[in-house]
Amino acid sequence: MSTSAIGLQPQAGDLRPRAGDVMCITFLGVVAMLFAGFTAAYFIRRPSPDWVPITIPAWGWIGTGALVVSSTLLERSRRRQDRGLLWASILLGVLFLGTQLLSWRELSAAGVYLPSTPHGSFYFMLSAVHGVHLFGGLLALIYTATRRSEIRWVAGYWHFMGLTWLYTLLLLAN
Amino acid sequence: MAVEDHSAPTSFVKKYIFSQDHKVIGLQYILTALFMAIVGGWLAVMIRTQITWPEKAMVTPENYLSLVTMHGTIMVFFVVSLALVSGLGNFLVPLMLGARDMAYPFLNMLSYWTVVPACFLVLVSFVVEGGAAAAGWTAYPPLSALPEAVPGSGLGQTLWLLAMALFIASFTMGGLNYIATVLNCRAKGMSLMRMPLTVWTYFMSAVLGVLSFPPLTAAAIMLLLDRHGGTSFFLPSGLVFNNEVLAHEGGTPLLFQHLFWFLGHPEVYVLVLPGIGITFDLIASFARRPVFGYKTSVYALWVVGFLSMIVWGHHMYVTGMNPYVGEYFSIATVLITAPFAVLGMNLVASVWRSRIRMEVPMYWALGTVAVIGLGGFGGLFLATSISDIYFHDSFFVVGHFHLMIGVVTVLSTFGALYHWFPKMFGRVMNAGLGKLHFWLTYVPMVALFFLMHLQGMSGLLRRYYDHSIYEFQAPGRELALVITILTYAAFAAQAIFFWNFFYSMFKGVKVGANPWNATTLEWTAPSPAPHGNWPGALPVVDRHPYDYDPAAEEDSDYKPQGVVA
Amino acid sequence: MSETTSHPRSPGFGIVFFLLGIVVVGGFGVGWLPEVKSAHGHGIDGVIRYLLGTTGALFFLGCIVLGYFVMKYGRGEAQSGAIVSNRTQAIWAIVPVLVMCAISEVGVLVMGLPVFAEVYGEAPDDAYEVEVVGKQFEWLVRYPGPDGVFGEVDHAKVHETRNPLGLVKSDPAAQDDIVVRGKVHIPVDRMTVVRLRALDVIHSFTVPLFRVKQDTLPGYTAYTQFTPEEVGIFELACAELCGLGHYRMQGSVIVESEESLKNWLSEQEPWL
Amino acid sequence: MGSDPKCEGLHAEKLLDESALVGAGGELANVFVYVRKGLEGWKFATPTEAVQVTQEGCTYVPHVLGVRVGQPLEIGNGDPVSHNVHGYAKKNPGFNQTQAPGAAVMTKVFNRSEVLVPLKCDIHGWMSTFVGVVENPFFAVSAVDGSFDLGQLPPGDYQIAARHEIFGLQKQDITITAAGAQTIEFSFSEE
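So the protein lines, in turn, are chains A, B, C and D. Numbering-wise (this note's numbering), the first sequence opens with residue 1 and increments by one. Numbering-wise (this note's numbering), the second sequence opens with residue 1 and increments by one. Numbering-wise (this note's numbering), the third sequence opens with residue 1 and increments by one. Numbering-wise (this note's numbering), the fourth sequence opens with residue 1 and increments by one.
Some hints here could point you the wrong way.
Cut-off 20 Å, straight-line C-alpha distance, at most; resulting in silico cross-link-like pairs (PhoX-like, lysine-lysine) [claimed, not checked]:
| hint | chain 1 | residue 1 | chain 2 | residue 2 |
| --- | --- | --- | --- | --- |
| 1 | B | 188 | B | 559 |
| 2 | B | 56 | D | 91 |
| 3 | D | 91 | D | 37 |
| 4 | D | 91 | C | 183 |
| 5 | B | 507 | B | 559 |
| 6 | C | 169 | C | 157 |
Derived contacts from chain B toward chain A, CB cut-off under 7 Å, selection only [to be verified]:
| hint | residue |
| --- | --- |
| 7 | 165 |
| 8 | 169 |
| 9 | 180 |
| 10 | 184 |
| 11 | 214 |
| 12 | 217 |
| 13 | 224 |
| 14 | 228 |
| 15 | 230 |
| 16 | 231 |
| 17 | 245 |
| 18 | 249 |
| 19 | 255 |
| 20 | 444 |
| 21 | 447 |
Computed Cβ-Cβ distance ranges for the label pairs, DEER-style [said to hold, decoys possible]:
| hint | chain 1 | residue 1 | chain 2 | residue 2 | range |
| --- | --- | --- | --- | --- | --- |
| 22 | B | 31 | C | 19 | 52 to 60 Å |
| 23 | B | 129 | C | 258 | 48 to 56 Å |
| 24 | A | 39 | D | 57 | 51 to 59 Å |
| 25 | B | 230 | D | 170 | 25 to 33 Å |
| 26 | D | 22 | B | 128 | 41 to 49 Å |
Hints in this document: simulated from the structure, not taken from any laboratory. A virtual CB, placed ideally from N, CA and C, is assigned to each residue, including glycine.
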C-alpha cells in the first residue's frame, strides 16, 4: 500500500483555527449562554406583582468605570508588551471586586437584602456570578503575567467580562 | 499534534491515576460509568420490584421517589454521558483524527477528576438525613425547593445540585476540549468532510452540550438561592404547608421548567448522536461498503443540532404554558423527524449491496438501527401536542425515552467496546460470550421498553409508588410482571459482559493493529496504542474514511484512510 | 466468488427485524386505548390512531427492508455497484424528508387543529363551572353555589380541617360556596370548565377516560374544558410528581343528569 | 376521613374534630400549659423513660402531649394502614418518615425546647398531634373539663403560658407563695 501522492495538498474546507482561539470563543459562548439564561429569567420574572425596582448602587457604576479602565490598560499593555500596565489592570480588577462588595453594603444599608425584593436578588446574584467569573479571569491574568504565556485569550476573556458587567447593569437599570 | 505536548509519564500515579493521556482518561471514564451503571441498574431493579408487588411495600414512598430520581440522574448524567460521550469520545477522537492527544491534556484530566467528586456526592446523598433527592431527575420546584414538600428536598437535593454543578463544569471542560481537538488537531489532509461520522457526532454533541448546559446552571443557582437564600425566583405566593403560608411571593415554577428543558432536550441529543455515529462506523466496517449518504448525514446532523435547541417546549404542553406557544413547539418538534429519517434511511441503505461480516460489533450495530427506528417514531406521538395531552407523564413517555437514550446508547456503547477493545488492550473479547451477551441484552431490553409503550397507551401513569388503587390502571398493570422479569434478565445478563470485559483484558486472544481490516485512522496505530498513539510520524490522510469495495477480493477490499509515512 | 469461511456470516439475523416489525405492529394493533367518554376525546384518539397507522407502516417497511438486506447480503457474496454518486445519495435523502414532513405536519395541523380548537377554544357561556384545587395528596372541589360566583380565597386562612380552601367569611360570594373533598359532580352533555389551582406543589388534574390532563400550578389559575358524553363515575388521578402521596390522590368525577345534579347541589350545605 | 375507606371502617360513629374540644360550659380541652419563665436557675434530671404516642383508628392518641428536652418520644403505628409521621419542627430538625402497619416504633429526641411541634400525616390530612418540648417538668394538658395541674412549684415569680393549636398563646405572671395551692385562669376566644 504505497503512499499515493494524490490529494496531499490541504483539502477545501480544511479550516484550522488555532486551538486557543477556538477554546476562547467557545468559552465566551458558554458564559454568554449563562447570562442569556439569567436574562430570560429576569424578563419572565419582572412582570410579577411583587416587583419593587431598586436603584443601582453608585459603587456599581464606579466599579464599571474601573473595569473599563482596566480593559483599556490591558489592551495597551498587550500591544506594547508593557508588563507594568498589565499589573495595573490586575490591580484595577481587584479594586472592581472591592467596589462590588461596597455596592452590596450600600444596598444592605438601604435595607435591601438578598431575599427582600426580586430586583435586589437579581442584582446580588448576577453581581456574585459575574464576580466569580471575573475572579477566574483575574487568576488567569496573574498566571499569564507571572508565566509570560500567551495573553491574547485572557485579554479577550477580560474584555468580555467587562462587557458582560456593563450589559448586566444596563439590564438591571431600566 | 496536541497543542501542549506532554512527555511520557513515568511514575505509576502519573501513568494511571493522574494521567493526561486521552486513552487512560477514556478508560477511567468508562470504568467509572460501568460502576455507576451497576448502581443505576440496581435502582431500576428496585423500582420494578416495587411497582410489580406494591402490596409488599419493599420501600417507603419517599424512598421510592429517591429511587426514581436518582435512577434518572445517575443513568442520564453519570452512566450514558460518562461512558459514551466522555469515555469512548476521549478514547476515539484523537485516534480517529490522527492526533497525538487531545488539544489540552491537562484540562482533559481536570474534567475527569471533577466528575469523580460529583459521583461521590451522588452516592453519599443516599445515606444523608432525609434520603436522596426525590423531586424527579427534572427537579421541578416547588417540590425540589421546599424540604416540607418531600423529605428528599432537604440535604439530599442540595447534594444533588452540587453534584450537577460539578458535572456541568466537567462536561463543559470536556466539550471545549473536543471542539478544539476536532477543529485544530486533525491529521494532515483530513478536511472536515473526511472525518469519520463518529467524530462528527462527538463534535455535534460537544457543541450542543457546551451551549445548552449554562441555562441549567443559571436555573440551578437560582434554585439554590430559593432553597437557602430565601429568594423567590420560582416560588409563588400562597404556598401552604402545615396551615401556614410560606414567606415567598412572585416566582413562577414555569420559569424553571423552561430553563431546565432548554438544556433537557439538547442533552438527550448529546447522548443519542454519538450512538448513531458509532453505529454508522460499525456498519461501514462490517458491511465492507462505504456509508450511504455521508454528506446528507452530516447535513442532517447539523439540522438535528439546530432544531434541538428550539424545541424544548414539547415537554411542557400541559403544564400551564400558553397553548399557542405549545402549538409552535409542536410544529417545530415534529420537523426533527425529517433529519432523523434521513439518518435512519442512510443507516439502512448502508447495508444495501454490502458483504456483511457478522462479527460481534455488527450484532450491536444492526440491533441499534432497529431501535433508532422504533424509538424515533415513538417520539412523534409525544411531539404532537394533541396526542401528548393523553400521553404526558404516562409509561408511553417512559418507554420512548428509555428506547432512545437508554437502549440506543447502551447498545452502541457495547458495540463500540467490543469493536475498539483490541485497540485498547491489544486483545479481542470472546466472540461466543459477546453474542450470548447480545441476545440476552437486546431481546429483553427492546421487549420490555416496547411493552412500556403499551402500558402507557392503556393509561398507566409514571412515578407511581403503587398503581393498584386505580381501576383505570388495571390493564397496564397486567404487563408489569412480564416487564419486571425481562428487567431482571437484562440486568443479570450484564454479568456476562463484565466477566468477558475484565477476563479478556488479560487473557484474551492477542491481535495485531487492525483485526477487523477497517479503514479509519485508529487502525493504523499499534494496539494497544502507546503514549502519543503513533510511535513514528503521524498518518497522512489521502481519502475519505470508508474506502471499502464489496466487489473486491475478500481480504483486500479496503484501503486505509491514512498511511503512516 | 468462493464462499470464504474466514468471516462469520449469519444471514438469518434478518429474521430478528421481521419479528420485531410484526411484534410491534401487532402489539399496537391490539388497541390498548381505553374507551373515550368525552367529546374532544374522539379527536385525540383520531390523531393517535392516525399516527399509529402512518408510523406503524413506515416502521414495518423499515424492518422488512433491513431484514431483507441482512438476509440477502449476509451470505458474503461479492457485490458490485455499491458505490453510488453523491447526486443519487442526495436525491434519496429528499424522500424521507418529504415523507416525514408530510406525515408529521398533517398530524399536527390538519388532524390536530380542530381538536386544538375544542380543547383550548372559547367555552360557550352556558358552560358549567367548578373549581378543583390540588393539595398534597387530595383534591378539594368547590362549587360556586346558587349565586354562581366563586367567593374570595385567602391562603393565610387555610386550615387542614376547618377551612381547607381558606374561604374569606366577609365576602358575601363565599357564603354559599360548597366545598367537597375529592368528588367532582358535573352535568352530562354540557361543557364543563374546570378552574385549576394548587395549594402547595405542582399537581396534574387528569381523567384518562375523558382524555383530560392539565397541570395545576401554585400561584396560577389554569383552565381545562371538556364535555362528558356518558353518565357514570370516572376516576380522577394526579399525573405530575407531587411528593410521597402522589400515587394516592384519587378522586372521582361523577357525571349525572341536570336535575339529579341540582338535587345533589341543593342538599349540600355551604362550607362557612 | 372519607378519603381512606380503611380508616373510616375503624370507627362506628363519626369522630369529633379534636382540634377545638369545647365542653358544655365553655371548658377548653387540649391546651398545653407550661412554665415559661422563672425556672432558669434550676437544673432538672432528664427522665430516660420514653413518652408514648400512637396512631390508632387513623388518629393520633393523645392529641396534645408534653415531652422534656432530651427525653425520647416513641411513635407507634397501631393501624392496619401505613401512615407517615411528618414533624414540622422549626427550632428542632424536621422529619418525615413513612411507618408501615406493624413497623418498629419510631424514636425521636428533641434537643431544643419548642412549644407545640405539630406532627402530621401527609397521607391522612386530618391526623395531627402537638408536642410541647420543655426544659422543666412543670407542664400539663387541660382535660375535657378544662382543668390542669402544674405540680409542686417552688415559691417564686413565674410566667405561666397556655398554648392552643388554634386559639394561640396566652401568658400570665404569677407569684407562688409557700401558703399553698393557687389557681390560675386562662380564657380563649375565637378571634
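Against the structure, the hints come out as follows:
{"no.": "1", "hint": "188(B) to 559(B)", "result": "holds (17 Å)"}
{"no.": "2", "hint": "56(B) to 91(D)", "result": "violated (36 Å)"}
{"no.": "3", "hint": "91(D) to 37(D)", "result": "holds (19 Å)"}
{"no.": "4", "hint": "91(D) to 183(C)", "result": "violated (38 Å)"}
{"no.": "5", "hint": "507(B) to 559(B)", "result": "violated (31 Å)"}
{"no.": "6", "hint": "169(C) to 157(C)", "result": "holds (10 Å)"}
{"no.": "7", "hint": "165", "result": "violated (12 Å)"}
{"no.": "8", "hint": "169", "result": "violated (11 Å)"}
{"no.": "9", "hint": "180", "result": "holds (4 Å)"}
{"no.": "10", "hint": "184", "result": "holds (4 Å)"}
{"no.": "11", "hint": "214", "result": "holds (4 Å)"}
{"no.": "12", "hint": "217", "result": "holds (6 Å)"}
{"no.": "13", "hint": "224", "result": "violated (10 Å)"}
{"no.": "14", "hint": "228", "result": "violated (10 Å)"}
{"no.": "15", "hint": "230", "result": "holds (3 Å)"}
{"no.": "16", "hint": "231", "result": "holds (4 Å)"}
{"no.": "17", "hint": "245", "result": "violated (14 Å)"}
{"no.": "18", "hint": "249", "result": "holds (5 Å)"}
{"no.": "19", "hint": "255", "result": "holds (5 Å)"}
{"no.": "20", "hint": "444", "result": "violated (40 Å)"}
{"no.": "21", "hint": "447", "result": "violated (40 Å)"}
{"no.": "22", "hint": "31(B) to 19(C): 52 to 60 Å", "result": "violated (35 Å)"}
{"no.": "23", "hint": "129(B) to 258(C): 48 to 56 Å", "result": "holds (55 Å)"}
{"no.": "24", "hint": "39(A) to 57(D): 51 to 59 Å", "result": "holds (56 Å)"}
{"no.": "25", "hint": "230(B) to 170(D): 25 to 33 Å", "result": "holds (31 Å)"}
{"no.": "26", "hint": "22(D) to 128(B): 41 to 49 Å", "result": "holds (44 Å)"}
Consistency with the previously given hints fails for numbers 2, 4, 5, 7, 8, 13, 14, 17, 20, 21 and 22, ordered from lowest to highest.
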